[in-house]
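Peer 1: Protein sequences, first through last, are from chains Z and B. For the first sequence, counting from 1, position 13 maps to 13 in the UniProt record's numbering; every step adds exactly one. For the second sequence, counting from 1, position 263 maps to 263 in the UniProt record's numbering; every step adds exactly one.
Worth flagging that the hints you see were computed from the coordinates, not collected in a lab. All residues carry an ideal CB built from backbone N, CA and C; glycine is no exception. Hints should not be assumed to be uniformly reliable.
[Stated by the list, open to error] Stretch by stretch, here's where chain Z covers chain B in the computed footprint (C-beta under 8 angstroms, at least three residues):
1) 146–153
2) 178–191
3) 211–223
[Claimed, not checked] Far from chain Z by the CB rule (all over 12 angstroms, computed), these chain B residues:
4) 33
5) 97
6) 228
7) 234
8) 254
9) 271
10) 278
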Amino acid sequence: MNEDAGPIFRQVAAEIENAIVDGSLAEESQAPSSNELAAFHRINPATAAKGLNQLVADGVLTKRRGVGMFVATGAREQLLKRRRTEFADQYVRPLMTEAHKLGISPAELTTMIRHWEDPR
Amino acid sequence: MTPAPLPAAATVSGVTMRFRNHVALDDVSTVVAQDAITGLLGRNGAGKTTLMQLLTGHRVPTSGRVEVFGRPPYEDDDVLRDICFVKEGQRYPEQFRVKDALSAAALVFPSWDAELAASLMEDFDLPPKRPVKKLSRGMNSAVGIIIGLAARAPLTLFDEPYLGLDAVARQLFYDRLLADYAEHPRTIVLSTHLIEEIAALLEHVLLIDRGRVVLDADAESLRGSALTVAGPRDRVAAFAAGHELLHTETLGASSRAVVRLRPDADDDAAAAGLSVEQTNLQQLVVAMSLRSTEASTIPSRLEELSR
Chain Z
1 MNEDAGPIFR
11 QVAAEIENAI
21 VDGSLAEESQ
31 APSSNELAAF
41 HRINPATAAK
51 GLNQLVADGV
61 LTKRRGVGMF
71 VATGAREQLL
81 KRRRTEFADQ
91 YVRPLMTEAH
101 KLGISPAELT
111 TMIRHWEDPR
Chain B
1 MTPAPLPAAA
11 TVSGVTMRFR
21 NHVALDDVST
31 VVAQDAITGL
41 LGRNGAGKTT
51 LMQLLTGHRV
61 PTSGRVEVFG
71 RPPYEDDDVL
81 RDICFVKEGQ
91 RYPEQFRVKD
101 ALSAAALVFP
111 SWDAELAASL
121 MEDFDLPPKR
131 PVKKLSRGMN
141 SAVGIIIGLA
151 ARAPLTLFDE
161 PYLGLDAVAR
171 QLFYDRLLAD
181 YAEHPRTIVL
191 STHLIEEIAA
201 LLEHVLLIDR
211 GRVVLDADAE
221 SLRGSALTVA
231 GPRDRVAAFA
241 AGHELLHTET
251 LGASSRAVVR
261 LRPDADDDAA
271 AAGLSVEQTN
281 LQQLVVAMSL
291 RSTEASTIPS
301 RLEELSR
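Excised from the complex, chain Z in its bound form (with noise of 0.2 angstroms):
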């Protein structure tokens, strides 16, 4: 975990969804426990364990008692439809700003941004 980005419970939930996301962590598998997290990423497992309660509230994980943590059903599209409303705001503002302190007009950017599908 990276100690410069901010709280590590929340890397830690991010990393999860990514998972989740990236079709790695399936739906209906079993998480990694607190105490796994806190070894593979040497932090604390109360910071684990708080990053894991984060996705219990948010309805990405389940807890059954005394067996562990799964990822939800539906799961892996509720992140999706969240990411792609939080997108605007993480990628294309930061373009915007960037774009607009070099003088590249909206018009021009769409352009870019037509011509950068063509290549792929």
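Put chain B on the given structure of chain Z with help from the hints.
Peer 2: Relative to the frame of chain Z, chain B by itself:
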């Protein structure tokens, strides 16, 4: 989402510790959360060791009250059995071999885990029959670390336990501490200057400077609490004015400031046209200690500072 506050393993209430003309601790009050890892941070001479000596019954405060597991620790064997204090540069009796030091510790601590001690001896490559007086500084530190971990004491204090240990051995210490703590949660107080190395292990941070508590907070809440902002001087000044300014530097028309965010103020520095970085725990601790040290001379207004 707010977890219930942990019960206290130790409470320190209005404690002052005076040595002749020197005040080592000045009206310190804090709570050591049970089953948490607390980082006791501060500059040399800040009072960290004195606070640990008070928590372990090695000293009696000049005034104020210290309680460990609900009782004053001085000369109370029941409480002292529950405390393991690994002192900086701890020395063991001259005639002891490494294994004698560990056997002695096994007698003192009721929850001693001999298996853990043996596996730690292998980890740290300690020769059991080597006389302690022939140990290198790092090996001597390793003996303290092994005792501190294998004791499994409900309150374990490490006072800069890494003297002479190389980076690999320190990593080993952190990893074994974390693994054993996860399996056997207990109250741990870790005093260290190597903040970056241990920051992620901490649940709580207690920063003292010149005998006073400067910061006493949950480590995670501190991680998002300060920003380093940089940009045109006037914009930095305008942004910092809404927050608590800890430190600032100026280069020509640009400046950079470390600020602690006030919850009610606008914290969107990016929207204010500034470059923003989160301030990590070490940077925050350094900035707060510097400010505390310079408190009497530092001008409070950014304008004066940036001249």
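Peer 1: Hint numbers the structure violates, sorted upward?
Peer 2: The structure breaks hints 1, 4, 6, 9 and 10; every other hint is satisfied.
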